[in-house]
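Engineer: Sequence:
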Amino acid sequence: MSMDLFHKLMNILLPPLTLILLIFFLPPFLTFKLLRFVKRSIISSDDVSGKVVLITGAASGIGEQLAYEYGRRGALLVLVDINEENLATVCSKACSLGSQDAISIVADISKLEDCKRFINEAINHFGRLDHLVNNAGIARDGVFKNVEQISDIVPVMDVNFWGTVYSTHFALPHLLKAKGKIVVIASTCGWYPLPRLIIYNASKAALISFFDALRAELGWDIGITIVTPGVIKTKLTQGDLLQPVPAESAEGCQLAYEYGRREAMLVLVDINEENLVTVCGKALSLGSRMLFPLLQIFQSLKTVCGL
Numbered sequence: 006m007s008m009d010l011f012h013k014l015m016n017i018l019l020p021p022l023t024l025i026l027l028i029f030f031l032p033p034f035l036t037f038k039l040l041r042f043v044k045r046s047i048i049s050s051d052d053v054s055g056k057v058v059l060i061t062g063a064a065s066g067i068g069e070q071l072a073y074e075y076g077r078r079g080a081l082l083v084l085v086d087i088n089e090e091n092l093a094t095v096c097s098k099a100c101s102l103g104s105q106d107a108i109s110i111v112a113d114i115s116k117l118e119d120c121k122r123f124i125n126e127a128i129n130h131f132g133r134l135d136h137l138v139n140n141a142g143i144a145r146d147g148v149f150k151n152v153e154q155i156s157d158i159v160p161v162m163d164v165n166f167w168g169t170v171y172s173t174h175f176a177l178p179h180l181l182k183a184k185g186k187i188v189v190i191a192s193t194c195g196w197y198p199l200p201r202l203i204i205y206n207a208s209k210a211a212l213i214s215f216f217d218a219l220r221a222e223l224g225w226d227i228g229i230t231i232v233t234p235g236v237i238k239t240k241l242t243q244g245d246l247l248q249p250v251p252a253e254s255a256e257g258c259q260l261a262y263e264y265g266r267r268e269a270m271l272v273l274v275d276i277n278e279e280n281l282v283t284v285c286g287k288a289l290s291l292g293s294r295m296l297f298p299l300l301q302i303f304q305s306l307k308t309v310c311g312l
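Take the sequence shown: its position 211, counted from the start at 1, is 216 in our numbering, and no numbers get skipped.
Simulated from the structure, these hints should not be mistaken for lab results.
All values reported here derive from a predicted model rather than from experimental measurement.
Note that CB positions come from ideal geometry on N, CA and C, so glycine has one too.
One or more of the hints may lead you astray.
Unchecked claim - For lysine-lysine, the following DSS-like pairs were computed, each having C-alpha atoms within a straight-line distance of at most 27 Å:
hint, residue 1, residue 2
1, K186, K116
2, K98, K182
3, K121, K182
4, K186, K121
5, K182, K116
Stated by the list, open to error - Computed spacing ranges between beta-carbons, pair by pair:
hint, residue 1, residue 2, range
6, K116, P33, 44 to 54 Å
7, S156, P21, 36 to 46 Å
8, R145, F30, 17 to 27 Å
9, W225, Q105, 20 to 30 Å
10, W225, L18, 25 to 35 Å
11, N125, R201, 46 to 56 Å
12, Q154, S214, 49 to 59 Å
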């Protein structure tokens, strides 16, 4: 009987209390986020000159262009990819563009031992690690019901999600020591899933969720930027995966902007906001370091009160 009374009391009190809390909490919180964004992203953009930056999936696409852009800024580069020939070419060009030193490491990030190895090689060569750019990713196109061998789509999750988790796990002690930064290349597909890319969608959604929670766990010790690109011209978006649409077929439709790779990389390297960044798309950006505990308390109250 007493528990029923408690539940009724909480049903009456909790909604207005929550509303009052949000009314008084949100304005100063949003003001704080705005001032912090101005300070970090406009007044004091990140200077990567002389910093050690490790980029996975650096042999082509977004990773390749990021290597060039970091190289132009004078960063020390550790470039990782499974494609040895392309990787060597990218490494050489990054040096010619201004990188003070760059090494290439051939590795398969879906393999735990490979991830451990390339992090160790980076530390052995440079002695530290300042930025980890988790970029490597693959996609498999097709309708799920037509998949004959489930093993054919397992590599998508192994590379996109687990490979990123492995790399982050081994890099984390060094990043904490340097008070460094993690950049994660997710996708708008993590927010707005597309047909025929079910596992790819799931892998990117998992990345967003994982790093949003990791940001809350780490607090202010490491900056974490989650990037959700839309359509960017890379090998991943060419060929069978996406076909060009005739202009006349697109009349009356509002299309997402398609950035060239160079323009998109300028955005990613310049950004210094430890949050979520969208290139060529839309996404919701929340300061989860502060909101996450509040949401957890609210969820716990709902559970205890049986709401």
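Engineer: Which numbered conditions among the earlier hints are violated in the structure presented, ordered from lowest to highest?
Structural biologist: 2, 7, 8, 11 and 12
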